[in-house]
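Student: Take these sequences, add in the hints, and give me the full structure.
Read off the chains here:
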Amino acid sequence: MSEVVLREVTKKFGDTIALDSVSSYFPRGKITVVLGPSGSGKSTLLRIISGLENPDRGDIIIDGEEVEGLEPYQRGVAMVFQYPALFPHLSVYDNIAFGLEPLKLDKKEIDDRVKAAAETLEIKDLLDRYPSMLSGGEMQRVALARALVVRPRILLLDEPLSHLDVNLRTKLRRELVDLQRRLSITFIYVTHDQDEALEISDHLIILNQGKVIEEGEPLKIYLAPNSIESARFLSHNIIVINDELISFPPEAVILDGDDEYGVVESIYPARGYGSIAIRWTNNVIYAYVPLEQIQNLSQGATIRFSINYELVRKWGKRGVGGGELHRV
Amino acid sequence: MNWKLRMAFIIIAIIIFTAGYAYYFSTTQRLESELVIYTYESLLKWGDDPEAVYNAVFKGFEEKYGVTVKVVEFPDARDTLLAVIEEINLYGEPKADIIIGLDNILVEEAKGRGILDRYIPPNIDVIPKDLRDALDPDGYSIPYDYGLIAFVFDRERIVLEDISLEDFEDPALASLLVAEDPSRSSTGISFLLMEIAFYEKILGTDWRDWWISVRDYINVQPSWGDAYNIFFTEEANRPIVVSYGTDPAYSFYFYNSTRYDAVVLSFEGKDYAWLQIEGISIVKDAPHRKAAEKFVEWFISEDVQQYMALNNWMYPANKNIELPSSYEYAIHPDEVIALNQYLSKQEIRDNLKDWLKEWINIMSG
Amino acid sequence: MASLYIIIYLLMFLLPSLLILLRIDLDGIFRLLHLDFLLNSFIFTVSQSLWSSILSVIIGGAAGYILALSETKLSSILRGVGLASFMAPPIVVAYGFTLLYGEAGLITQFIPILSFLGTGFSGIVAAHVFYNSPLAMNLVFAGLSGIPRDEFDAMSIYGRNLRYLTRKIFIPYLLPSAFASFLLTFLYSFTSLAIPLVIGGKPSLWTIEAYIYWIMKYLLDTKLAIALTLVQLLIMALFAYLYLYFSKSLISPEISPYRIGFLRGWQRYISLSYLIILLLYLVMPFISILYSSFRNPYTNTFTLEGYMEVFGGRFSNILGTSHINILINTFYYAFMVTIISISLSIVLSYLNNMYLNLSALLPLAFSPVTLGLGMYLFYLNVPEFRWVAIVAAHVAASLPLVSRSIDIGFTRIPKELLEASEVFNVRGLYRLLKVILPLMKEPLMIAASLALVVSLGEFGATLLLHNPQTTTLSIAIYKLRAARRFMAASAEASILMAITMIILIYIARKSGRWI
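Chains as they are written, first to last, in numbering that gives the first Met the number 0: chain A, 0 to 327; chain B, 0 to 364; chain C, 0 to 514.
By construction, these hints were calculated from the structure, which means they are not laboratory data.
All C-beta atoms, glycine included, are put in the ideal place defined by N, C-alpha and C.
If a hint is listed, it holds; no wrong ones were tucked in.
Distance condition first, Cα-Cα at most 27 Å in a straight line; then the derived DSS-like pairs of lysine-lysine:
id, chain 1, residue 1, chain 2, residue 2
1, B, Lys110, C, Lys222
2, C, Lys201, B, Lys352
3, B, Lys283, C, Lys222
4, A, Lys29, A, Lys219
Distance windows between CB atoms, simulated:
id, chain 1, residue 1, chain 2, residue 2, range
5, B, Phe8, C, Ile327, 15 to 25 Å
6, A, Glu108, C, Met444, 29 to 39 Å
7, A, Ser90, C, Ser2, 32 to 42 Å
8, B, Asp208, C, Arg162, 56 to 66 Å
9, C, Ser2, A, Gly28, 42 to 52 Å
10, A, Glu65, C, Ser2, 27 to 37 Å
11, A, Glu100, C, Asn351, 22 to 32 Å
Here chain A is said to cover these stretches of chain C; the calculated rule only asks that three of the stretch's residues, wherever they fall, bring their Cβ under 8 Å from a Cβ of chain A:
id, region
12, 410-421
13, 427-437
Tutor: Laid out in structure tokens, this is it:
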């Protein structure tokens with residue numbers, strides 16, 4: 000269990016700036032999610048924490064200690080990759096034990112740890128198999144087991160679920176949260192999927208073009224982002240009213256109310272909540288509708304709603320500054 | 000197994016493997032015998048039963064003197080010389096005790112390189128003095144046979160009479176000739192010197208002209224054996240070969256006809272040819288000097304010399320040997336003017352390398 | 000690791016080669032310039048190389064083109080045989096050609112007109128074409144197969160007109176391959192030794208390489224040999240550079256032929272006959288050697304004499320050593336060369352340093368006799384090192400091929416796997432043994448096969464360096480042939496051929512890609 004602090008970390012690859020003076024905090028024993036579109040520098044951030052890359056400038060501080068120049072294992076980190084990166088020539092057992100051998104543990108200890116991890120991740124039956132015989136989910140469990148057996152202080156996860164199908168992804172990420180709660184290891188989890196980020200994070204960092212644009216409690220960020228970029232990235236409604244740029248999450252549209260009215264343009268049913276597009280004044284906004292209500296709607300129908308102005312952010316004419324609540 | 004142990008195991012295995020071969024190599028480097036002879040591959044191979052003759056000469060010596068002999072054969076006599084030169088140059092000591100086949104030209108090169116030792120065997124008187132002097136008056140090489148360089152032709156395909164070198168300037172004739180490379184063959188170098196002596200001393204013209212006129216038509220082989228093989232292969236259509244004046248005797252002996260006949264150079268009513276005298280020499284610092292001396296004595300004795308005429312197809316150097324009747328058909332050296340007398344040993348020593356380079360210059364064109 | 004590589008590299012290649020430069024003597028260069036044969040042999044060497052490369056590209060290229068465009072079962076056979084002839088030991092090729100097309104050869108005794116294939120200038124070119132046309136064939140085949148499927152489909156949708164497609168797609172794609180195979184063929188033909196010595200015979204048909212050998216061996220004139228070596232080295236360096244430059248565009252011949260079946264009707268028959276003739280041309284030398292290893296040419300009977308002589312293991316007067324010693328030498332050298340070459344290449348891939356990688360390609364510019372000459376000057380003053388000199392020359396000769404093959408395998412290891420090992424503190428030698436080598440099993444085996452084949456067939460350097468006790472199969476074949484021991488020579492050649500074939504079949508089955 001450790002905390003990580005980054006101070007003004009900068010990394011360039013040639014002319015492109017991957018990380019631009021990033022300072023952020025990864026709290027002890029929590030899940031911190033780094034969210035960002037592809038190319039935002041989030042993987043680089045992870046690799047710099049792990050020690051696979053060295054920053055051009057800035058400090059990485061783990062538990063109050065500057066770790067520059069330390070090798071990954073010296074930092075007490077383990078990592079799970081986007082692709083499971085299992086060794087095809089080693090059995091599941093040997094793959095899990097892979098990181099233990101350099102620790103010079105005795106055979107019994109290794110065996111115990113491998114078996115325990117396999118138990119935790121429910122892959123006990125697979126120990127004699129080879130990676131080519133496993134499904135995608137099984138592989139990622141093995142990769143997780145391999146990372147956990149070395150008892151890292153920090154577990155780095157680089158979009159570990161992005162290659163799995165949707166159902167499995169949902170299942171596994173809940174398991175991941177459970178696992179973290181049980182082990183209380185500091186997780187640093189990189190993803191581009193905002194649902195995933197909101198679902199599992201204790202602490203959220205949003206990265207865009209190498210810069211931290213949000214950092215803090217996930218729900219707060221979601222409901223009240225600090226910049227127009229985050230609002231856009233979080234798929235908020237962004238509209239111009241009276242020459243003013245404003246944004247609010249779809250949740251701010253309350254269909255029970257009757258302050259405003261608009262026309263239903265499109266209906267997108269989904270599990271749990273569907274969403275609808277509403278033409279309102281000159282804009283199109285999106286709102287969530289519980290599934291049982293969505294079938295009562297029809298395209299072209301007029302719909303009455305209210306806006307929860309507590310969730311509206313105002314960005315001024317140029318879309319900068321703001322943060323005050325306004326009545327439109 | 001621990002990986003470090005495994006690594007160590009592999010490295011040790013490789014070291015042992017290398018050391019094993021190094022040891023094996025050092026054992027094969029020594030030719031395990033009490034006498035090592037270098038010679039050319041066709042020595043005594045042209046009789047009725049080459050194996051019997053080989054046994055009589057080499058095994059016979061082993062039995063008589065209780066010495067084991069190893070014979071190493073090279074494509075040509077010059078290769079034996081080159082091998083010994085390399086051994087002495089690189090390591091300061093030879094592996095061979097004896098070289099059989101250095102002739103009156105190669106012996107000059109060998110002496111120039113200082114790789115031979117003098118040795119006069121006790122039975123030296125069986126060899127005529129003039130022959131010894133013609134090969135090497137100092138005794139670095141003892142004659143064992145001799146013969147004339149001649150054009151040998153196949154009567155069934157062509158007949159040559161009163162011919163001289165200039166006749167080959169006709170492409171039609173040159174296209175029928177196969178000769179030997181003087182840089183690699185002792186027969187070839189004898190032929191080159193014959194040509195040089197004849198052009199420079201008898202005709203008084205530049206020796207290079209002849210080669211320039213024939214180079215595009217003549218077939219040059221690396222050794223006498225190769226050349227003879229081409230000569231025998233009728234499809235190759237080379238019915239004339241640079242070989243020896245004794246070949247008609249060979250033809251008569253085996254085919255009872257002089258189908259394979261020989262001519263020397265005919266010029267203004269006189270016959271000219273190059274006399275090649277082959278000798279046996281002891282290598283300087285020979286590892287088995289005593290046995291080597293015995294072998295030289297043995298090789299010029301009647302026990303061995305009796306085989307020369309019908310197996311090496313040259314005149315035996317030993318004067319006590321009676322020639323077989325087939326030798327009536329051979330050209331005896333006494334019947335022709337030896338061109339050797341026109342090139343002094345000094346001249347050969349001084350110019351041999353340049354002549355060879357000139358020759359290659361011409362032939363590369 | 001790096002220092003280990005550098006030490007071995009220095010000993011096995013660089014120091015001996017530098018020694019050649021150190022021993023440059025103005026006198027040698029001066030004399031060289033006054034010798035006509037320099038110019039003559041230069042003209043001959045270049046002109047035969049040009050002929051060989053142009054004909055190889057045309058003959059092989061046409062075959063590759065047909066193979067790619069027609070659905071034929073001949074494809075895998077022809078490509079297999081092509082690999083065999085491309086990698087065949089040079090002495091075996093030269094010997095096979097003289098057996099077939101030489102004086103009274105197996106074929107020329109029935110069809111005398113074909114003797115141009117086994118004698119003189121045309122014979123040398125014919126043997127080089129035998130050697131190199133499969134290279135052009137494979138590169139052209141691979142080049143065509145590498146055309147992006149989409150691009151090809153997009154073109155074909157508007158009509159599958161062969162002439163149009165050839166002009167618009169095939170030719171632009173093929174040009175780099177054709178040029179690279181031209182350069183490589185030129186390089187190989189330029190330094191050919193066994194073929195001009197055996198098929199050419201006379202000095203006007205000797206390459207510069209043959210002259211260097213001849214000057215060293217028969218004129219005993221080291222200075223002159225070194226001077227000529229320099230001339231050759233300069234020309235080689237130029238072509239090796241050009242080849243490396245142009246071969247960059249050839250890295251990905253993953254073969255997935257389209258099997259379009261473009262050629263129909265009479266076109267198909269003519270194309271197939273062409274392939275069959277080429278196949279016969281490539282196969283015949285091997286068959287002739289096998290045949291003549293059982294046939295006594297003097298008695299015209301079939302016997303096992305040749306094999307009995309070879310496997311009897313007795314002392315051979317011609318070779319100056321026992322046949323069994325020759326087998327031991329050949330296999331031992333091949334084995335050592337493989338271990339050293341592979342180890343060096345692994346270290347290279349592992350270090351992944353640009354300069355070190357370049358260093359492994361440097362021997363490409365050194366002809367076999369040049370390598371031999373360097374080793375001769377460096378090692379041969381100590382009798383015990385003669386075999387080391389031979390092994391070193393073989394290592395240097397195989398290093399460019401082997402390191403390239405291993406490097407390709409190395410770059411194909413997924414990056415994540417290497418990072419994963421780093422995260423788990425599996426590094427250094429341990430990572431090499433635990434992760435990298437197991438993942439590279441296949442490229443390693445292919446590289447090992449290449450090293451074996453190069454060492455087994457090496458002729459030029461060994462010819463210069465060997466003495467009777469260090470004779471290898473290649474040299475034994477050369478000597479036995481010169482002494483007209485045809486059965487023993489053919490038996491040795493058949494053995495060498497059989498071993499090489501087994502290895503090559505392995506390579507062919509493991510990867511469609513060669514060189």
